[in-house]
Every structure is written in C-alpha cells, then in structure tokens.
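*Asks:* Can you build the whole structure from these sequences, using the hints too?
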Amino acid sequence: MSISRRKFIGWMSAAGLGATFGKSAHAAANKQFKGYPDSVGVLFDNVLCIGCRNCEAGCNKVNELPPPSQPFDDLSVLAKKRRTSSKAYTVVNRYENTHSKKSPIFRKIQCNHCLEPACASACFVRAFTKTKEGAVVYDASVCVGCRYCMIACPFEIPAYEYDEPLTPRIRKCTMCHPRVIEGKLPGCVEACPTESLTFGKRKDLINIARERIKKFPDRYVDHIYGEHEMGGTNWLYLSGAPYKEIGMREDLGTVPAPELTAGVLGAVPIVVGLWPVLLTGVYAMTKRKEQIAQKEKEQAVFHALQKADAAAQLKLSEALTKAQKEKEVAIQKEVKKALAEVQKVQKEEGS
Amino acid sequence: MKTARPLLRQVGILVAVALFSITGLGAQGVQKLLEGSEEIRADIIPIDSMRVFGRLERPEVVFLHDKHTDAIEKQNKDCQACHQMENNRLVPKFKRLKDTDKQAVMDIYHTNCIGCHKETSATGKKAGPIETCGECHPKKNLLISSRQPISFDHSLHYRHAEANKDQRTNKGDCALCHHEYNEKTKKLFYAKEKEGSCRYCHKKTTEENRSSMKLASHDACIDCHRKKVAVKIESGPVKCMGCHDHEMQKKIEKIEVVPRMERKQPDFVLIRVKTPGPNKEGPSFRMNPAPFNHKAHETYNNTCIVCHHESLQSCVQCHTSEGAKEGKFIKLESAMHLKAKEQSCLGCHETNQRKPECAACHAFLAKDRRPESTTCQLCHMNPLSGVSKNIAQDERQIAEMLLNSRKTKVLTYNAEDIPEKVVIKALSEKYEAVELPHRKIIHTLLNNIKDSKLAGYYHSDQGTICQGCHHNSPVAKKPPNCGSCHGKPFDESNAFRPGLMGAFHQQCMGCHQVLKLVKPTSTGCTDCHKLKRV
Ligand code: SF4
Ligand code: SF4
Chain D
1 MSISRRKFIG WMSAAGLGAT FGKSAHAAAN KQFKGYPDSV GVLFDNVLCI
51 GCRNCEAGCN KVNELPPPSQ PFDDLSVLAK KRRTSSKAYT VVNRYENTHS
101 KKSPIFRKIQ CNHCLEPACA SACFVRAFTK TKEGAVVYDA SVCVGCRYCM
151 IACPFEIPAY EYDEPLTPRI RKCTMCHPRV IEGKLPGCVE ACPTESLTFG
201 KRKDLINIAR ERIKKFPDRY VDHIYGEHEM GGTNWLYLSG APYKEIGMRE
251 DLGTVPAPEL TAGVLGAVPI VVGLWPVLLT GVYAMTKRKE QIAQKEKEQA
301 VFHALQKADA AAQLKLSEAL TKAQKEKEVA IQKEVKKALA EVQKVQKEEG
351 S
Chain U
352 MKTARPLLRQ VGILVAVALF SITGLGAQGV QKLLEGSEEI RADIIPIDSM
402 RVFGRLERPE VVFLHDKHTD AIEKQNKDCQ ACHQMENNRL VPKFKRLKDT
452 DKQAVMDIYH TNCIGCHKET SATGKKAGPI ETCGECHPKK NLLISSRQPI
502 SFDHSLHYRH AEANKDQRTN KGDCALCHHE YNEKTKKLFY AKEKEGSCRY
552 CHKKTTEENR SSMKLASHDA CIDCHRKKVA VKIESGPVKC MGCHDHEMQK
602 KIEKIEVVPR MERKQPDFVL IRVKTPGPNK EGPSFRMNPA PFNHKAHETY
652 NNTCIVCHHE SLQSCVQCHT SEGAKEGKFI KLESAMHLKA KEQSCLGCHE
702 TNQRKPECAA CHAFLAKDRR PESTTCQLCH MNPLSGVSKN IAQDERQIAE
752 MLLNSRKTKV LTYNAEDIPE KVVIKALSEK YEAVELPHRK IIHTLLNNIK
802 DSKLAGYYHS DQGTICQGCH HNSPVAKKPP NCGSCHGKPF DESNAFRPGL
852 MGAFHQQCMG CHQVLKLVKP TSTGCTDCHK LKRV
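For the record, the sequence lines run as chains D and U.
Sequential numbering from 1 applies to the first sequence in the numbering used here.
Sequential numbering from 352 applies to the second sequence in the numbering used here.
These are calculated hints, taken from the structure and not from any lab test.
Check the hints yourself; a few may be wrong.
No more than 30 Å apart at the CA atoms, straight line, and that leaves these computed lysine-lysine pairs for DSS-like [stated by the list, open to error]:
#: 1; chain 1: U; residue 1: Lys579; chain 2: U; residue 2: Lys590
#: 2; chain 1: U; residue 1: Lys446; chain 2: D; residue 2: Lys215
#: 3; chain 1: D; residue 1: Lys215; chain 2: U; residue 2: Lys692
#: 4; chain 1: U; residue 1: Lys537; chain 2: D; residue 2: Lys214
#: 5; chain 1: D; residue 1: Lys184; chain 2: U; residue 2: Lys781
#: 6; chain 1: U; residue 1: Lys590; chain 2: D; residue 2: Lys61
#: 7; chain 1: U; residue 1: Lys867; chain 2: U; residue 2: Lys883
So these bits of chain U aren't anywhere near chain D, every CB distance computed over 10 Å [to be verified]:
#: 8; residue: Cys484
#: 9; residue: Gln518
#: 10; residue: Thr726
#: 11; residue: Thr877
Quick reminder that beta carbons are idealized off the backbone N, C-alpha and C, glycines included.
*Replies:* Right, here's the structure in full:
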C-alpha cells in the first residue's frame, strides 16, 4: 500500500499553507452540496417500527457477518443501548415513550450516508467515497488505520476491527451499495415487515415524509431528521417523539462537516496541536483544490481567447509555473518539518 | 513512501488519544446538575412585584404560600396578618393596597418578611431566612410548580348554586357571582338570564375596569370561602393546594348527573343559512340545514364555554354565512367544519374519534382528508321530508322532527354474508399462512361502538364499518382483496401506497395497538406466525 504523493502533499499542505490558503478556501466553501440529484436513500419511520430486529438479521445475512451473541429473535437485547460495531452494521434500540408508557419507541441506527460525509473529510487517504447512488463506501486497501473517521463522524458510526491483528478495517453500513446497483433492496429494508424502512430516491422520500406529517400531524414530530442535519443525509428519519428523547443529536446544525473545518482552517493560525481539526479538512481541501485549479484553467483560457496574444499567453504561463514552483517549495518545506516533528515524537516516546 | 504508513499511524493514535481525553471532561457537569434537589409543589408563587418599577435587581422570590398560611394559623393569626382589607374584601397584594413607589414597596417586603422571620425564630420556632439575600432570592429555582388550573365544570357550578340557595324561596342566588358592568354608573349589576362564563369578561390580563381572571377568581372565590369558614359553614378551599393540586382536585366531589342549567336555552336548533325574502308557505332554505340537539350536547360537555367560546349567544350571531367582524370573519361554514378547532362540530367529533373504540379504524384516516360528499347529507338533512308544509313554521320544531327521524343503530351485513375466516398466504415463505378471524374482528368493532349515539348514526349503513379496513374502495358487500391494490413495495409511481406486507402489518398491528389488545404483546414474529416446518 502506498499513499499517492499528491494526496500526502495535500494533507501536509494543509498544515503548512493553511494560513495563506484559508481565505479562498472559506470563500469557496460557502456553497452547499445538495447531493447527487437522483441518489437513493432510506426513510426510517419509528412510528411504524415494532422493534422486531428483522432488519438486523437482514443486514447480518447480506453482509455475511458472524452470528450475533444473542439470536435476532431474542428481543431482550433491546433493553440495552447498543452501538454499531464491526460485526453489526445496524442495531435497534428501545426508548421509553414519555407520552405513552405502553408503546416504546424503537430507533434503528446505522450509517446515515451524509451528503458531505465527515468521515470522508477526515480521511486524508480518501478511503471513503460518496457514490452517486448516495451510499458512502469505504476502501480498505488505502486505509492507514488512523481512525480519524471514527472521531469525525458525528453519529459515532464507523467501527474498527480491533480484534483483527493483521489487517484491521473500518466497518460500517454501506447501504448495501453493491445490491442497490444490482437493483436489489438493502438487506434491512427487504427484511422489515412493516415498511418502517422505505427505500427510494432521496427527494421522493422527503415528499413521502412530508405527506405523512401532513396527514397525521398528531402522530409525528414536525421534522424530517436528516433533511438538513450536517448538510443533509441520505438516510432520513420520521419520529413520533422528540429526536433528543430517542438519543438523536439535535445540536448538529445544518452545515456539512467539511465546510465547518474549512472555516476553522481559515481562521486559526496553524500549530501542530491543531492537527486533528486540520486533518478533518483535508477532504474538503483536496476537493477545493481541484475546483480552484479548474477555475484557474478556465480563467487562463478566457484571457487567452480575449487577447489572442501569444506574448500574453507566454507571460501568463510563466507566471503560473512560477506560482506553482513557489507553492511546491513551500509544501516540501512543510512536509519536512512535519516529518521531523513526528520523528521527534517517536524518539521521545522511544527513550 | 514505504515508511509513511506506520508513521502516520503513530500520529493518528497520538491525536486520537488526545481527543478522547478532551471529550471525557464533559461528564462532570452533568453530575452536578443531578445533585440539585427539586421539590414539586402547587403553592409556589413567584414574587416579582418590583417588576412594575423596571428590571429586577435580584432574582424573584420563590414564595410558598401554603407554608406561610399554615405557619400563621399556628400563631392564631389569619389572612390579615399579611393582607389588608378594602371594601370588605382581602387585597391580594402583600401589606399594601397599591404599588406606590419602588423604595416603599421594597421596604414593605423587607421589613415585614424579615421582621416576622425574626420574631418567629426568637420564640424558638423554625422561621424563614433573615440574613442572606440569596436564600429568598435564589439564583436557581430548585422548586417545580405543579400548579394545575381548575375547571369550574357543570358539577361544581351546580354545587355552588345549591349551596347558595335561599332557604325560604328555594331559589339560587345567581347574583352572588354573575354580574355585568354598567359603563355609565360604573357599577356592577345583575342581569337575569344573561349569565355567562366569567371568562367572557375577565381575560388573561387586567384591563381598565375588569380584573384578570386570575385576580377576579382569587378575589371572589377565596373571599367567599374564607367568610363562610369564619362562621363555620362548610365551604371550599382557601389554600392554594385545595384548588390547584392535582391530588386535591381529584378529591373534589363530583355530581354524576347534573340537572340541566336553565337559562332559556333551546332544546333543538336548526343550524342554517338564512334565506332572504318572504316565505309564505313555510320555511325555505338556501341549502339543507343541520338540525342540532342542543339539550343532548349539554350533557356531552363539561362546560358551556367549550362551544360558546366568546359569549352565550347562538353561533350565527357572530359567525354569519359570509363572515363578520364579531366572529373574526370566520364564516359559519368554517365554524362548523374546521377540524382543527375544538369548538366546531367536526373538530369535536374528530376528537371523539380518537377514543380507542373509534380509533381502531379512524386513527388510519388522514387528518387533512375531505369527508365524502355523501356524508354531508347525514347532517344537512332535507328539512321538508316528512314535514307537512303548513304545520312547521317553527324551526325548532323542524329540528326536533328531523332529529327524531334519525336511526342511530350501527348496522352491517348479515353474519352469513361476512366471511368467517380469511386465510392470508401471500407471504408464506418462512411462516405458515395466517388465519384472520374476519367475522370476529367485525363483531368486536361493532360491539365497541354499540352504545355510542354518535357512532350509531354515522355507521347506520351496512357497509360503513367494513371501510375501516377496506378503505379507498367503494362500499360493497364483497370488496376487493388487499392484494388488488397493495403489491410490491416502494413503487415509484405510487409512492404513498405501502406494499402488501407493509400494508398487512401496519393495518393489523396498528389496530391491535390502538385497541390495546393483549395479542401480540411483544413484537416477535412467532407471536402471530407459526414457523413452517422444514
Ligand atoms: S454517518 Fe458517519 S460514517 Fe456515515 S457518512 Fe456520515 S460521517 Fe460518514
Ligand atoms: S425490521 Fe423494521 S420494524 Fe423490525 S426493528 Fe427493523 S425497522 Fe423496526
């Protein structure tokens, strides 16, 4: 495995050039990515969910996961609050219903497949991809095992194979991406007997959710979770109880994670201690760098065409190469510095 | 770049450790919050009298009224230890009649409260704070008010009327509470048969010459109770808890069948849009009017104000057919049909449909649905059917006749026409087919509503009850099976229609939940489905 040079420099340049880069980064980041137009997702309606754990079983089956410690028809596990793990990409938890003791509320947890995923933005080797179908998928072959994605995910989803000594991987729900491409339903959706899980285009799901709220205003909280949270997610939720009562974060805001880190990058002077924050910005930055390069190219063509002046073109390209060189020198300097820093830490630890 | 991976790993782990230790700190704050003790009481009165003079300098005082009343009683003092009298009535303000100026009011509180606390503690008894400001003016209130508003319902009204009857004439003294205000003489007077709810005049806040509901009720109720208690006549509560504590409220005696309150109100009403022009041959109507059983509805509700929210006039006085200022331009049509409003006919009937016995079917009906046009005629009856033109000039008589002609018995098809069992085998891959006790279900539903006049009238057609499950298809003795409409799930062209399996589970389990049926208690599949033997 090797990290491509460009990616690595991208990461390092964040550390070194952040301060000079910050302004344009910030300006470029205030446009929100609204998701791929026809991407699919799942709407989970907890009013319909009966807590039968069929979805867990369905997930286990299609992903060929090891059998659970307690079988899926043992509903006593619902009493405990569980989290997703490297062996269970989805879990169902039970919450007391403060309005009616007799009908508890169930919450299914899995990756939300954010429109602009924090996990991906934290990953400096770009092991995560937001597919055009909507799923956020992971590529173990490039992963360096730093687990920043686990720290970055506001929903605490990615799990690490701690018990895998040689090739530990990050594990999480894939929205059954391979199945979806084949035209099949995600495992959990297919297994749900009550259609608490609705599969469809994200935009249709939002309409369906709105319609349910409109038809049954007494039954639902007037909010579609995931429509805007963290910039929006492909997994959406309808609830019969306030979201915070069922352990769902209501403090996330509507700004996607990469944009948040871009703001931090622009505003804070760079010190080594800020690395984790910085690293979360790398995804956004590599994306932005491409955008900026594209823009620069377009501008160059535009000017060249206008002037149709060979000399001007020459001057322009000279200026561009010069700028590029300066950038590279600066990057290399920062790379060296950072590596030295790491080695120092290593040595100190060793002694 | 071969060395990059282990190196990066090292960085990653270091940073991760640092991050986790930072996030760990949050827990301590939560612990602190949980430590504060909280007491729940119904007699908490926040004293913020200084607010009229501007911003409060210190947090408001959390005053426990009943605690003080009890303490004063023990010292053989009465209300006048704290409250002054004006026009033979207690003034709710503490030791003063009016809020004069800032310093004076503040002094009244400080001198009298602290003075009394000092005196009391000098006698060796437990008393309130003397020195530290924060004890009376706490930064964070740890008490939670459980104060419940009290409803003066028909039963309570009747008991008050009875208790205040003149022994000789055996007539109630309505003037004791009911009054109107004469703008000219600036005096209260009693207007017979104009009595209405206190709230019609006494609003949330005090206005010019009418006190707020809160003030008026405390002023009048407690004063009267207190005077009676003083002469040893059995009377209502004088302490906060007596009226506002949930447990105490439950102890208030309730008359089951309250005799009708007489105020010359009609027994039957014809709700209709007026037709302009003369009508020689009996009444003519723009559209079919709706007869309304006023007398019966009085018993369905606990207060008059439920429907008569602004005054005890008839609805059309304010809600005219085109809308008028008095009725906030809410037309008669809206006033009767707005589902979101408790006062409207449909709004109240809709609330009734949330009762478990109705909700089994009605919970599945969308709130924003339009009623089917055929049901309009159930309320808007043809006024001249069965009424000979020359006898019925009186609208109230017509209303009565129409109401009497109604059938109010729930009906359905003959038992032999209703399949006894329905076997659902559409989805039997893993489980055996399900046998649905079809006829039994219908009988349960019918049995649940057999005593309701409301349900009876609206379900007197044979096929209506079937529509609870066989929705969205025309009424028929043999409606289409579920599979005719519900099929594959997540059909993009029919996004709002569940697939067959979803439809079954939603319908069956939804109904079981509403009816609180024991089976299935838990949600394990094998509670309903027998596993197929392999
Ligand atoms: S929920 Fe977490 S793991 Fe899933 S896409 Fe969003 S940030 Fe990534
Ligand atoms: S399968 Fe469906 S109903 Fe059962 S627990 Fe999962 S989401 Fe809820």
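*Asks:* To test your reading of the hints: which numbers does this structure violate?
*Replies:* Checked against the structure, the hints that fail are numbers 2, 4, 6 and 11, while the rest are satisfied.
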